[in-house]
Amino acid sequence: MSKKQQQAARYVIGIDLGTTNSALSYAEIQAEPDPFAPANVQLLPIPQLVNPGEVREESLLPSFLYLPGSSDFPAGTLALPWDEERGYAVGQLAQKRGADNVGRLVSSAKSWLSHSGVDRTSPLLPFRAPEGVDKISPVEASRRYLEHLREAWDARMPDAKFANQQVLVTVPASFDAVARELTQDAAKQAGCGDLTLLEEPQAAFYAWIERHSDWRERVHPGDLILVVDIGGGTTDFSLIAVTESDGTLALERVAVGDHILLGGDNIDLALAGAVAARLAEKGTRIDSRQMQALWNNCRVAKEKLLSGESAQEQPVTILGKGTGLVGGTIKASLLRDDIDKVIGEGFLPATGSNEMPAAQRRVGLQELGLPYAADPAITRHLARFLRQQASSAQQSAVRRGPGGLACPTHVLFNGGVLNATMARQRILATLDAWLAEEGLPPVKPLSGEDLMHAVARGAAYYGIARSGGGVRIRGGVPRTYYVGVESAMPSIPGFPAPLKALAVVPFGMEEGTDTPIPGREFGLVIGQPAEFRFFTSTSRKNDQVGDLFEDYGDQLEELSPMEVSFPAGETSSEVVPVSFETVVTETGMLQLWCVARDGRRWKLEFNVREKVNA
Amino acid sequence: MKIGLAFRAFFNLLFGGKLSDGVITELGLAKKSAASVKPAAPPSPARTTSDGALQFLGILQRDSRLVDFLMEDISSYSDDQVGAAVRELHDQCRDAVARYVSLQPVIDGVEGTFAKAPSKDPNVVKFIGNVPAKTPDGGTLRHKGWRATKIDLPALAAQQDATVLAPAEIEIE
Numbered sequence: 001m002s003k004k005q006q007q008a009a010r011y012v013i014g015i016d017l018g019t020t021n022s023a024l025s026y027a028e029i030q031a032e033p034d035p036f037a038p039a040n041v042q043l044l045p046i047p048q049l050v051n052p053g054e055v056r057e058e059s060l061l062p063s064f065l066y067l068p069g070s071s072d073f074p075a076g077t078l079a080l081p082w083d084e085e086r087g088y089a090v091g092q093l094a095q096k097r098g099a100d101n102v103g104r105l106v107s108s109a110k111s112w113l114s115h116s117g118v119d120r121t122s123p124l125l126p127f128r129a130p131e132g133v134d135k136i137s138p139v140e141a142s143r144r145y146l147e148h149l150r151e152a153w154d155a156r157m158p159d160a161k162f163a164n165q166q167v168l169v170t171v172p173a174s175f176d177a178v179a180r181e182l183t184q185d186a187a188k189q190a191g192c193g194d195l196t197l198l199e200e201p202q203a204a205f206y207a208w209i210e211r212h213s214d215w216r217e218r219v220h221p222g223d224l225i226l227v228v229d230i231g232g233g234t235t236d237f238s239l240i241a242v243t244e245s246d247g248t249l250a251l252e253r254v255a256v257g258d259h260i261l262l263g264g265d266n267i268d269l270a271l272a273g274a275v276a277a278r279l280a281e282k283g284t285r286i287d288s289r290q291m292q293a294l295w296n297n298c299r300v301a302k303e304k305l306l307s308g309e310s311a312q313e314q315p316v317t318i319l320g321k322g323t324g325l326v327g328g329t330i331k332a333s334l335l336r337d338d339i340d341k342v343i344g345e346g347f348l349p350a351t352g353s354n355e356m357p358a359a360q361r362r363v364g365l366q367e368l369g370l371p372y373a374a375d376p377a378i379t380r381h382l383a384r385f386l387r388q389q390a391s392s393a394q395q396s397a398v399r400r401g402p403g404g405l406a407c408p409t410h411v412l413f414n415g416g417v418l419n420a421t422m423a424r425q426r427i428l429a430t431l432d433a434w435l436a437e438e439g440l441p442p443v444k445p446l447s448g449e450d451l452m453h454a455v456a457r458g459a460a461y462y463g464i465a466r467s468g469g470g471v472r473i474r475g476g477v478p479r480t481y482y483v484g485v486e487s488a489m490p491s492i493p494g495f496p497a498p499l500k501a502l503a504v505v506p507f508g509m510e511e512g513t514d515t516p517i518p519g520r521e522f523g524l525v526i527g528q529p530a531e532f533r534f535f536t537s538t539s540r541k542n543d544q545v546g547d548l549f550e551d552y553g554d555q556l557e558e559l560s561p562m563e564v565s566f567p568a569g570e571t572s573s574e575v576v577p578v579s580f581e582t583v584v585t586e587t588g589m590l591q592l593w594c595v596a597r598d599g600r601r602w603k604l605e606f607n608v609r610e611k612v613n614a
Numbered sequence: 615m616k617i618g619l620a621f622r623a624f625f626n627l628l629f630g631g632k633l634s635d636g637v638i639t640e641l642g643l644a645k646k647s648a649a650s651v652k653p654a655a656p657p658s659p660a661r662t663t664s665d666g667a668l669q670f671l672g673i674l675q676r677d678s679r680l681v682d683f684l685m686e687d688i689s690s691y692s693d694d695q696v697g698a699a700v701r702e703l704h705d706q707c708r709d710a711v712a713r714y715v716s717l718q719p720v721i722d723g724v725e726g727t728f729a730k731a732p733s734k735d736p737n738v739v740k741f742i743g744n745v746p747a748k749t750p751d752g753g754t755l756r757h758k759g760w761r762a763t764k765i766d767l768p769a770l771a772a773q774q775d776a777t778v779l780a781p782a783e784i785e786i787e
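Protein chains in written order, with the numbering used here: chain U, 1 to 614; chain X, 615 to 787.
Nothing false has been slipped in among the hints.
Taking lysine to aspartate or glutamate and the DMTMM-like style, the derived pairs with C-alpha atoms no more than 20 Å apart in a straight line are:
| # | chain 1 | residue 1 | chain 2 | residue 2 |
| --- | --- | --- | --- | --- |
| 1 | U | K282 | X | D694 |
| 2 | U | K500 | U | D554 |
| 3 | U | K96 | X | E783 |
| 4 | U | K331 | X | D705 |
| 5 | U | K500 | U | E521 |
| 6 | U | K331 | X | E686 |
| 7 | U | K96 | X | D705 |
| 8 | U | K304 | X | D709 |
| 9 | U | K321 | X | E783 |
| 10 | U | K331 | X | D693 |
| 11 | U | K321 | X | E785 |
| 12 | U | K161 | U | E147 |
| 13 | U | K331 | X | D682 |
| 14 | U | K321 | X | E787 |
| 15 | U | K321 | X | D694 |
| 16 | U | K96 | X | E785 |
| 17 | U | K304 | X | D705 |
| 18 | U | K331 | X | D694 |
| 19 | U | K96 | X | D677 |
| 20 | U | K321 | X | D677 |
| 21 | U | K321 | X | D687 |
| 22 | X | K764 | U | E57 |
| 23 | U | K321 | X | D705 |
| 24 | U | K321 | X | D682 |
| 25 | U | K96 | X | D709 |
| 26 | X | K764 | U | E54 |
| 27 | U | K188 | U | D154 |
| 28 | U | K321 | X | E686 |
Among chain X residues calculated to face chain U with C-beta under 8 Å, some are:
| # | residue |
| --- | --- |
| 29 | R679 |
| 30 | D682 |
| 31 | R701 |
To be clear, the hints were calculated from the coordinates, so they are not data collected in a lab.
For glycine and all other residues, C-beta sits at the position ideal for the given N, C-alpha and C.
Just chain U, with the same shape it has in the complex:
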């Protein structure tokens, strides 16, 4: 990486680093780009172990990592075309073997990356690993997925090394600054030279643009596009407004939702639970391994039921354990009723636009682990997201009904769950009911295709659009950020001084800009590390830089603290008055600087080792 750009980039590479599946797509950079020509985005087949000793190319790399013990695989069977001594497995084999031995399987590393309650650089995973397994950090797991993709690329494109190409890695729009920075670290360590992060819903929208060269005729200024992304493990919402500037269409990402740990895997597991409960009524109990098989079979049966119109039920069988296959076979069936109940009443119920999701558990003694959503109803999470936009009057681009609800004109679906027509229709029906209450016509679905690869494709398309003058979605920072400032108050024993929040990054601050924070100076003691508490909000969009807030209630979410450490040598214990300055880099990374009056600057870094107890 130190040999900076010896070779000009020939390709733009888009990487969808997903919670359950990853994909890589690419497009060649044209010397004289025509903004109206198709970008010709292609998917890279990813060689991966699918069985011990068997490498096959697949278009998706399951985001699973298996850390084998000495008795797991015969020697030499984890070899990859580019590394015959690989000591771990990534992809399909990891996913398969991990089902039999969960203690050595790393899964959902991405969700851990965005979990602020733990030190994300420490070896945490596999989360339930037995004593003696060398754990790795969520950052390291992400690095290995990205490294596998880099190696797959280099093996196929030996003349255009990965390190020399323009790489776009997608992250959920809801990722906060810390999770973005950790993703960037993982990508740099995996060998990305020229890296930009892109939000997934935007990438999905770019993929739609790529597929529809006449998109300018399909949306109009004033339109508001809701992107609903339900993947294997997470759900994400974004709003993109269509505006007009200088006579051409412009796009602006105006809102992103919270990170919701809820997705297709939960739905399949709930279906398996329904079938298992029926079996239990008849006196047949199944163990955890059979449950795993049932989970898989229910996924297949669900897809069959959802694709065929007429069938009311689909048999699911659990083959006998041991060598007795027929004798131990358990017969069951998945009913259309099960699906209607689980999806219709559980995950996508027809709720009112005022129904908010059940509150997150905030119990102090909650088991350490991923903060899964407490309420499975995705429609209620959606209602909250659209309601939240009501509080931000400044965002004039957001179309709102008389009731204050943000009212999208179009919906773009993304993620594997929404391949099912029934799931899409339920969301549309719910949205239409809300819009009717506001006196507005129904939403129009934007037809997306290939929902499993759209994000990777869109990322590569964006890379081309960026260099060739194609359309770009203006977004900026999707949150407001604050630094905690202790009030100057007489101290009362037993009570910490109340914390005020100083807004340092406004919502929508654009890439490649910087903002000084006026009117506030802090005394920094040189030679001692100084730490600041750091907060964020996705819903307070009107707070201006330099504003100080006292009563913010639970609207602000605490992130990892920010720390400034001074280079060795400056050991005099002088106190330097500094003010803050915020920078958002061209690649979308957020930086906070302490600036002394004489112009000296120190960058604040996230201290992810400091555990935050929300």
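Following the hints, complete the assembly by docking chain X onto the known chain U.
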């Protein structure tokens, strides 16, 4: 040593020999295996032709549990019970076969209608019924036949024992 050889074979299989030696060196392979790839590396344990057959049987067991099914005494089970098990086995077995072997009919015609014999080779066409002394040019197609047009089994690593079709499983509770 053995690994290096198996690996090379494997690599060739995967990329169909499309990559030049120079490319392989550039991939960093030579560097990593510098210690293990000796010019006169002994060949991996003599692989016999039966290994491929055992490997394929192993794959069918792994992916569809075919050996379990064949070796089980199913005479005491009801047709219902057998049917339920076979339905799933059939799906998985067919997927496994399709993944590694490409099958095509020898004569792509409609059974029960007239078909011309594409060849007089007894490997390819078997004449049945009232066959005249002189080999005929065609007749009524009774069975289309099957031909494997491609077989694509993964290379076995040196340490893989093809005679074990399925490992024993021991669960730690």
